[in-house]
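Protein chains: 2
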Amino acid sequence: MSLLTVGSVAFDALETPFGKTDKIIGGAATYITLSASYFTKKNNLVAVVGDDFPQSMIDYLLQHGINTEGLQIKQGEKTFFWSGRYHNDMNTRDTLETQLNVMENFDPVIPDSYQDCQYLMLGNTAPAIQQMVIERLKTRPKLIVLDTMNLWIDIANADLKNLLKLVDVLVVNDEEARQLTGEYALVKAAAKIRTMGPKTVIIKKGEHGALLFSEDRIFFAPALPLEEVFDPTGAGDTFAGGFIGHLAKTDDISFDNMKRAIIYGSAMASFCVEKFGAERMLNLTDEEIQDRVDQFVKLSAFGL
Amino acid sequence: MSLLTVGSVAFDALETPFGKTDKIIGGAATYITLSASYFTKKNNLVAVVGDDFPQSMIDYLLQHGINTEGLQIKQGEKTFFWSGRYHNDMNTRDTLETQLNVMENFDPVIPDSYQDCQYLMLGNTAPAIQQMVIERLKTRPKLIVLDTMNLWIDIANADLKNLLKLVDVLVVNDEEARQLTGEYALVKAAAKIRTMGPKTVIIKKGEHGALLFSEDRIFFAPALPLEEVFDPTGAGDTFAGGFIGHLAKTDDISFDNMKRAIIYGSAMASFCVEKFGAERMLNLTDEEIQDRVDQFVKLSAFGL
Numbered sequence: 001m002s003l004l005t006v007g008s009v010a011f012d013a014l015e016t017p018f019g020k021t022d023k024i025i026g027g028a029a030t031y032i033t034l035s036a037s038y039f040t041k042k043n044n045l046v047a048v049v050g051d052d053f054p055q056s057m058i059d060y061l062l063q064h065g066i067n068t069e070g071l072q073i074k075q076g077e078k079t080f081f082w083s084g085r086y087h088n089d090m091n092t093r094d095t096l097e098t099q100l101n102v103m104e105n106f107d108p109v110i111p112d113s114y115q116d117c118q119y120l121m122l123g124n125t126a127p128a129i130q131q132m133v134i135e136r137l138k139t140r141p142k143l144i145v146l147d148t149m150n151l152w153i154d155i156a157n158a159d160l161k162n163l164l165k166l167v168d169v170l171v172v173n174d175e176e177a178r179q180l181t182g183e184y185a186l187v188k189a190a191a192k193i194r195t196m197g198p199k200t201v202i203i204k205k206g207e208h209g210a211l212l213f214s215e216d217r218i219f220f221a222p223a224l225p226l227e228e229v230f231d232p233t234g235a236g237d238t239f240a241g242g243f244i245g246h247l248a249k250t251d252d253i254s255f256d257n258m259k260r261a262i263i264y265g266s267a268m269a270s271f272c273v274e275k276f277g278a279e280r281m282l283n284l285t286d287e288e289i290q291d292r293v294d295q296f297v298k299l300s301a302f303g304l
Numbered sequence: 001m002s003l004l005t006v007g008s009v010a011f012d013a014l015e016t017p018f019g020k021t022d023k024i025i026g027g028a029a030t031y032i033t034l035s036a037s038y039f040t041k042k043n044n045l046v047a048v049v050g051d052d053f054p055q056s057m058i059d060y061l062l063q064h065g066i067n068t069e070g071l072q073i074k075q076g077e078k079t080f081f082w083s084g085r086y087h088n089d090m091n092t093r094d095t096l097e098t099q100l101n102v103m104e105n106f107d108p109v110i111p112d113s114y115q116d117c118q119y120l121m122l123g124n125t126a127p128a129i130q131q132m133v134i135e136r137l138k139t140r141p142k143l144i145v146l147d148t149m150n151l152w153i154d155i156a157n158a159d160l161k162n163l164l165k166l167v168d169v170l171v172v173n174d175e176e177a178r179q180l181t182g183e184y185a186l187v188k189a190a191a192k193i194r195t196m197g198p199k200t201v202i203i204k205k206g207e208h209g210a211l212l213f214s215e216d217r218i219f220f221a222p223a224l225p226l227e228e229v230f231d232p233t234g235a236g237d238t239f240a241g242g243f244i245g246h247l248a249k250t251d252d253i254s255f256d257n258m259k260r261a262i263i264y265g266s267a268m269a270s271f272c273v274e275k276f277g278a279e280r281m282l283n284l285t286d287e288e289i290q291d292r293v294d295q296f297v298k299l300s301a302f303g304l
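So the protein sequences, as listed, match chains A and B.
Here the first sequence is numbered in the UniProt record's numbering, starting from 1 and rising by one per residue.
Here the second sequence is numbered in the UniProt record's numbering, starting from 1 and rising by one per residue.
Do not rely on the hints blindly, as some may be mistaken.
The list makes no distinction among identical chains, and a pair is therefore deemed to hold if it is satisfied within one copy or across any two copies.
To be verified - Straight-line distance between alpha carbons at most 25 Å, and here's what the computed BS3-like set of lysine-lysine pairs gives:
1. Lys-74 - Lys-142
2. Lys-20 - Lys-188
3. Lys-259 - Lys-205
4. Lys-188 - Lys-275
5. Lys-298 - Lys-205
6. Lys-188 - Lys-298
7. Lys-298 - Lys-259
8. Lys-41 - Lys-20
Just so you know, the hints here were simulated from the structure itself, not pulled from any lab data.
Just chain A, same shape as in the assembly:
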């Protein structure tokens, strides 16, 4: 089934304890679509960049079968830019600079050829823009997955609460879940979110794995214990991309299949952190992905 992803396509400049980068390709939708491209070839992107965005990077997306018809290129404008520095623990980071540029007035245009999408992934951007995408689709997708962040919980809380009523799955990290609900225990936070709209809640805990909540069921997927986390940027988006990519590929939104989707998402995220930015996501093989998934099975399987 076809997947539509909306979100940022951006430049990032990153500093980690292992080094720093110049401007490299980044943005939530970049990570999501690249990750999903290993599962589905019906992979449609809605985003906006400036005329400073190099064709070579768009070519990367095209090579992965990502449909860029919905990628607007604004002449005379600049691409969204974010730079950040990670602390030694790699779990916390400081934003050094944010230039909204083309994102300031992002008007998400949905090409006609995208209208039949069954799976909608609302990558992190302003809730008002995410809602616009839902409203511009003539048919409601089978599954709408929303990612958001602390910034929007702070400055666009009412918009976010309205949007939550329209989505099926919310993907947030543990701190965002707590901030959104005022509940410290993640079981309680997830229960509260499930009263706000989404029937399913995924709480990402970074190196501590991810939790899936749906009705009265909980599933926990570990993160792969890694010797080295080189750069965590985009890991959460890559996780979301693997998750919805697997669902779109299999067209099965049962709890059991969402569990599998979370394992695939976790496997994809474990690749993402191995190199700077999205570099590791550019040329994975099916064998590498299957091998990584097998590691998850070994890691968490036990018999009583």
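Knowing the structure of chain A, use the given hints to seat chain B on it.
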């Protein structure tokens, strides 16, 4: 097979966001033996208390089939006392008061009837005392499991390093693993610990579960997501007690059985945190334990 546990039997006074206690029964060996008592009835305790320790509390241990022949009662002396206050996140705590009392000159005497023990659990206490126990056993147990803490890594590092050469399994939390090795990544920390003596390393991550490292294999067990953590005191010791209790019961130290033992340990720990101190550990039923273990299976099982 018979289990020998050495460690503190103590009074604790606890403050959590949910309330505070007067002096209640605590101590590493208390939690370990109570937890192990649900798995094995050959459960021998070596510890020391003062004459202020009430017989009613010793009766609790006896009711659980714990052999208290090795529990010394020092006339005219006082029981070890610790008081602490948990922060709102329940993951960090401040020590308010420590009175070593009888623990200051603890000389662990091993009754003859304990000499045949196959499983030795060295609960948290000074490494020199833990080593004395090993040296006083005429036959080396089949499996020696060591628990320790940041205090001993700080003030008795050389003793601890010597002791590590003699043990099979080290159980520590994530911060202790990092402190002991200087490695941030737990995979690297575990590998380094495995060069220090223990062939198997268990790293407890509290609400984030536990990792088991042995040779080139890793197993991850989640912690049960709980609505309420009432009091985390003793959860790590309870985990260790369930772990070694299951091993002693089954007399199987294979990797696959250690995985099961970790699941049982995690299940026991999930009970411990539900009430103050060791209260919840006093009257569990086999059905409750099996039900909790089943929840772990549901929580982490997936099929690809």
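Structure-based check of all given hints:
no., hint, result
1, Lys-74 - Lys-142, "neither (31 Å within a copy, 71 Å between copies)"
2, Lys-20 - Lys-188, "between (39 Å within a copy, 23 Å between copies)"
3, Lys-259 - Lys-205, "both (16 Å within a copy, 23 Å between copies)"
4, Lys-188 - Lys-275, "between (35 Å within a copy, 18 Å between copies)"
5, Lys-298 - Lys-205, "both (20 Å within a copy, 19 Å between copies)"
6, Lys-188 - Lys-298, "between (30 Å within a copy, 19 Å between copies)"
7, Lys-298 - Lys-259, "both (16 Å within a copy, 11 Å between copies)"
8, Lys-41 - Lys-20, "neither (33 Å within a copy, 58 Å between copies)"
Checked against the numbered hints above, the structure violates hints 1, 8; every other hint is satisfied.
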